[in-house]
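For the protein sequence lines, the chains are A and B, in the order given. Note that the working numbering has the first sequence beginning at 1, numbered continuously upward. Note that the working numbering has the second sequence beginning at 1, numbered continuously upward.
Please keep in mind that the hints were generated in silico from the structure rather than gathered at the bench. For glycine and all other residues, C-beta sits at the position ideal for the given N, C-alpha and C. Watch out, some of these pointers could steer you wrong.
[As the list claims (entries may be wrong)] Within a straight-line C-alpha distance of at most 30 angstroms, the following computed DSSO-like cross-link-like pairs (lysine-lysine) qualify: (1) LYS71/A - LYS51/B; (2) LYS40/A - LYS316/B; (3) LYS399/B - LYS71/A; (4) LYS256/A - LYS58/B; (5) LYS40/A - LYS307/B; (6) LYS40/A - LYS53/A; (7) LYS275/B - LYS334/B; (8) LYS399/B - LYS256/A; (9) LYS334/B - LYS40/A; (10) LYS399/B - LYS53/A; (11) LYS200/B - LYS126/B; (12) LYS112/B - LYS58/B; (13) LYS208/B - LYS256/A; (14) LYS256/A - LYS126/B; (15) LYS307/B - LYS256/A; (16) LYS40/A - LYS126/B; (17) LYS40/A - LYS320/B; (18) LYS399/B - LYS144/B; (19) LYS53/A - LYS208/B; (20) LYS316/B - LYS112/B; (21) LYS144/B - LYS167/B; (22) LYS399/B - LYS40/A.
[What the hints assert, rightly or not] Taking CB as the label site, the calculated pair distances span: (23) THR107/A - ARG432/B: 50 to 58 angstroms; (24) VAL47/A - ASN288/B: 51 to 59 angstroms; (25) LYS153/B - GLY41/A: 46 to 54 angstroms; (26) GLU331/B - PHE123/A: 39 to 47 angstroms; (27) GLU374/B - GLU39/A: 37 to 45 angstroms; (28) LYS126/B - TRP7/A: 53 to 61 angstroms; (29) ALA431/B - PHE215/A: 33 to 41 angstroms.
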Amino acid sequence: MVGEKKWLPYVLLIPWLIGFLLFKLYPFINSFIMSLFEEKGRNVVFVGLEHYKTLFNPNLWEGQQFLNSLKVTFIYVFITVPLILVVSLLVAQILAQKIKGVGFFRTAFYIPTLLGANVGIVFLWRYIFETDGLINHFLALFGVERVPFLGRPAGAMASIILLRVWQFGSTMLIFLNALKNVPETLYEAAMIDGANKFQRFRHITLPMITPIILFNGVMRLIECFQAFNGPNLITQGGPENSTRVINLLIYETAFKSGNLNLGSAMSWILFIIIMLFTILIFRSSRYWVYYQD
Amino acid sequence: MKKILMFLVALFAAFSLSACKKDDYVISFSWWGTSDRNIATYRVIELFNEKYPQYKVKGSGAPWSGYQATLTNQLRRGTEADIFQVNYNWIYQMYGIDYFMDLNELGIDFSKYPEEEHVPLTVDEKVLALSASETGYILFLNKKIYDDAGITKIPETWDELIEAGQKIKQLFPGKYAIGRLDAQQVAILIFSYLAQLTGKNVISEDNKLNFTVEELEDGFRFIDRLRNNGVLIPSNANDTYNDGPSNPNWTTHQNYGGVFTWNTAISEYENTLPKGSELITAGFPQINAGEKLGMYKKVSMAYAVSKLVENSDLKKQAVKTFLGFITTNPEAVKILGVDRGVPSHADAFAILDASTDPDFKNTNEWRGHEIVQEYYNHQLSLGQKLYIHPYYEHDTFRKVYEGPIESFLNGSITGKQAAQAIVRDFDRELARVME
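Build out the structure end to end from the sequences listed, making use of the hints.
What follows is the structure, encoded as structure tokens:
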């Protein structure tokens with residue numbers, strides 16, 4: 001009977017396997033092959049690494065666009081990821097305390113994550129940041145001139161970063177769980193030794209949750225490198241390409257302009273960048289991540 | 001067991017054969033459009049299916065957003081509809097020569113289409129699409145704002161438009177004679193103005209930018225005049241709604257008094273105005289009164305047929321019948337009205353022209369069409385033939401001029417810098433997309 005059921009796990013894996021092969025592995029390999037070709041109508045020519053060279057050539061239009069998107073993406077990622085980690089850790093630290101109505105606050109802080117960057121939220125966001133939006137109405141009460149947040153590169157970037165940081169719920173929940181798993185005895189011992197709140201946080205909490213910081217950091221880094229919804233729906237990459245992150249440029253190149261080959265090359269460069277940063281973080285983790293076991 | 005297997009094989013074969021035969025009478029038609037166009041097109045399809053029970057047309061209407069990307073992918077995969085609506089420049093951008101059927105094979109009478117609309121859709125003597133309508137770039141005004149300001153005469157010159165802007169600005173701070181135009185709209189406005197000054201097309205016959213830095217600077221100075229005198233908003237950074245028809249300053253607040261747009265697109269602006277508002281077709285302002293210059297027109301949208309249809313005579317017949325129906329059947333033509341613009345086909349035009357109920361000639365699309373034709377013919381009589389180059393609106397190439405114009409409109413760069421940036425990249429990038 002036991003022998004007869006040995007095949008069952010494999011059968012149950014089949015749907016996932018089919019999905020993985022069809023929707024992950026095949027497009028993954030195919031996109032690399034496509035990046036080596038140039039398609040003009042039905043005329044397909046092998047061009048090798050030509051698309052990759054074009055993308056790093058600042059004298060060509062595609063190169064200028066791509067290098068700009070690269071810069072925009074780095075700015076977005078390296079501001080957003082630390083902000084998400086700091087904000088979610090701070091909020092988790094507060095919610096880890098025994099305060100009244102904590103359940104409500106946990107839910108409230110998680111709601112933005114559930115809402116995501118959908119069309120409704122984007123309208124709300126526009127309403128907040130527009131020249132005649134909520135913030136400007138508020139500023140006007142104090143006689144401050146209207147600020148065109150979405151019309152200026154820095155303001156537009158700030159608004160899409162804020163939208164992403166606002167959705168810190170899942171990161172916060174993971175931190176919250178980690179904070180609760182820090183043994184109370186460590187804090188008690190530190191208190192006996194006279195450690196104040198900040199010292200306890202710096203020398204006990206932080207080291208104990210470094211594996212979770214690593215996990216959250218890597219996950220958010222990958223997510224932010226792949227940002228699309230916010231920039232696409234709120235700013236459409238503008239003003240003046242200041243929020244045209246790589247994923248948005250890939251979409252426009254591959255699907256709007258119909259250049260799937262160049263879009264595939266961009267995707268592979270993005271993949272390599274994400275992989276390099278992930279490896280870098282994992283390599284560095286041996287110097288700053290503390291595993292209890 | 002063997003008998004059952006044989007029965008199943010026979011059954012499968014019978015199904016396959018009948019499916020093949022039936023499929024060839026079923027054709028698909030996809031298009032993009034607003035809800036008005038979708039409703040009208042579905043009604044026409046229903047009517048066709050009733051009148052021609054031997055065929056069946058399956059319609060698939062879509063909004064503008066995403067339609068182009070979907071069609072591009074469908075063409076690569078061979079899953080496109082049998083008939084699909086295209087924009088003029090897609091014939092080139094989507095390599096229509098490879099993916100669109102040569103309509104000569106259908107034996108359609110092309111003499112019913114104006115030559116200037118038929119020729120741009122013909123590549124290497126292959127007719128790749130049928131023009132549904134053509135369109136020109138003109139000015140429409142929100143009557144209420146002009147009435148409130150006591151302006152009764154429609155501005156005929158740029159100076160009169162500027163005067164109107166000054167008056168509106170003075171009486172109603174925050175309101176404008178026009179308001180916000182995006183980079184795409186300002187580009188064609190600059191090029192139209194420069195055509196009035198010089199009589200030149202944007203792109204020369206040898207596919208080069210026809211204007212110098214100095215000439216383009218003139219164009220930017222002209223936009224500055226409009227911005228400084230209450231015609232356009234001073235900076236687009238103050239209003240980032242790129243979609244003109246849904247901009248609250250156009251819809252709810254009615255701060256914007258007009259729009260320059262293609263006459264086939266005016267219903268989008270009309271539909272979003274509050275009930276009771278009225279849009280007036282205002283033609284195209286001139287440098288000197290009485291002139292009729294600077295009018296660009298192009299094929300607005302066209303019907304293309306999938307190259308895959310070539311493989312089946314039955315399907316070809318069904319496609320030809322449907323195209324004939326949608327472009328010439330009196331009932332169908334009236335249902336579609338001007339939802340795809342004033343029809344190009346001579347018979348369809350005559351049907352709508354003669355109609356009194358509804359009176360299509362009373363629409364902004366029709367009035368716009370008449371102005372476009374009038375100005376265009378006047379230009380021809382002067383030996384000026386302005387045309388939209390097939391790659392002018394290419395999605396990669398257009399960023400070459402729209403990018404600097406956007407920066408100029410946001411106040412990030414000067415007109416001179418924008419002109420220099422356009423001249424620097426224009427010819428090189430045009431040559432690259434045309435390769």
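We went through each hint and held it up to the structure:
Restraint check for LYS71/A and LYS51/B: not satisfied, since their Cα atoms lie roughly 59 angstroms apart, outside the 30 angstroms limit. As the CA atoms of LYS40/A and LYS316/B are separated by approximately 26 angstroms, the hinted pair is consistent with the 30 angstroms bound. With a C-alpha separation of about 19 angstroms, the suggested pair LYS399/B and LYS71/A falls inside the 30 angstroms cut-off, and the hint holds. For the suggested pair LYS256/A and LYS58/B, the alpha carbons sit about 25 angstroms apart, so the restraint of at most 30 angstroms is met.
Simply put, LYS40/A and LYS307/B have alpha-carbon atoms about 16 angstroms apart, close enough for the 30 angstroms limit, and the pair holds. Among the hinted pairs, LYS40/A with LYS53/A is consistent with the structure: their alpha-carbon atoms are about 19 angstroms apart, no more than 30 angstroms. For the suggested pair LYS275/B and LYS334/B, the alpha carbons sit about 25 angstroms apart, so the restraint of at most 30 angstroms is met. Simply put, LYS399/B and LYS256/A have alpha-carbon atoms about 13 angstroms apart, close enough for the 30 angstroms limit, and the pair holds.
Simply put, LYS334/B and LYS40/A have alpha-carbon atoms about 40 angstroms apart, too far for the 30 angstroms limit, and the pair is violated. Taking the CA atoms of LYS399/B and LYS53/A, the gap is near 21 angstroms; set against the 30 angstroms cutoff, the hint holds. For a cut-off of 30 angstroms, the pair hint linking LYS200/B to LYS126/B stands: about 29 angstroms separates their Cα positions. For the hint linking LYS112/B to LYS58/B, the alpha-carbon distance of about 27 angstroms falls within 30 angstroms, and the restraint holds.
At roughly 25 angstroms between alpha-carbon atoms, LYS208/B and LYS256/A fall within 30 angstroms of each other, so this suggested pair holds. Taken as a hint, the LYS256/A and LYS126/B pair is honoured in the structure, with Cα atoms around 25 angstroms apart against an allowance of 30 angstroms. Restraint check for LYS307/B and LYS256/A: the C-alpha separation of about 22 angstroms stays at or below 30 angstroms, so the hint holds. A distance of roughly 18 angstroms separates the Cα atoms of LYS40/A and LYS126/B; the hinted pair therefore holds under the 30 angstroms criterion.
A threshold of 30 angstroms between alpha carbons decides the hint, and for LYS40/A with LYS320/B the separation of about 29 angstroms falls inside it, so the pair holds. Among the hinted pairs, LYS399/B with LYS144/B is inconsistent with the structure: their alpha-carbon atoms are about 35 angstroms apart, more than 30 angstroms. A hinted pair counts as satisfied when its Cα atoms are at most 30 angstroms apart, and LYS53/A with LYS208/B qualifies at roughly 26 angstroms. Annotation: proposed proximity of LYS316/B to LYS112/B holds, straight-line Cα distance about 20 angstroms (limit 30 angstroms).
The straight-line distance between the Cα atoms of LYS144/B and LYS167/B is roughly 14 angstroms, inside the 30 angstroms bound, and the hint therefore holds. Proposed proximity of LYS399/B and LYS40/A is supported: the alpha carbons are some 20 angstroms apart, at most 30 angstroms. A beta carbon spacing of about 54 angstroms between THR107/A and ARG432/B agrees with the range 50 to 58 angstroms that was offered as a hint. Between VAL47/A and ASN288/B the CB atoms are about 53 angstroms apart, so this pair conforms to the stated range of 51 to 59 angstroms.
Taking the beta carbon of each, LYS153/B and GLY41/A are about 52 angstroms apart, inside 46 to 54 angstroms as hinted. At about 41 angstroms, the CB distance of GLU331/B to PHE123/A agrees with the hint of 39 to 47 angstroms. Between GLU374/B and GLU39/A the beta carbons are some 43 angstroms apart, a value that agrees with the proposed interval 37 to 45 angstroms. For the pair LYS126/B and TRP7/A, the supplied restraint of 53 to 61 angstroms holds, since their beta-carbon distance comes to about 57 angstroms.
For the hinted restraint 33 to 41 angstroms between ALA431/B and PHE215/A, the CB-CB distance of approximately 50 angstroms leaves it violated.
In terms of the numbered hints stated before, the structure departs from hints 1, 9, 18, 29, listed from lowest to highest.
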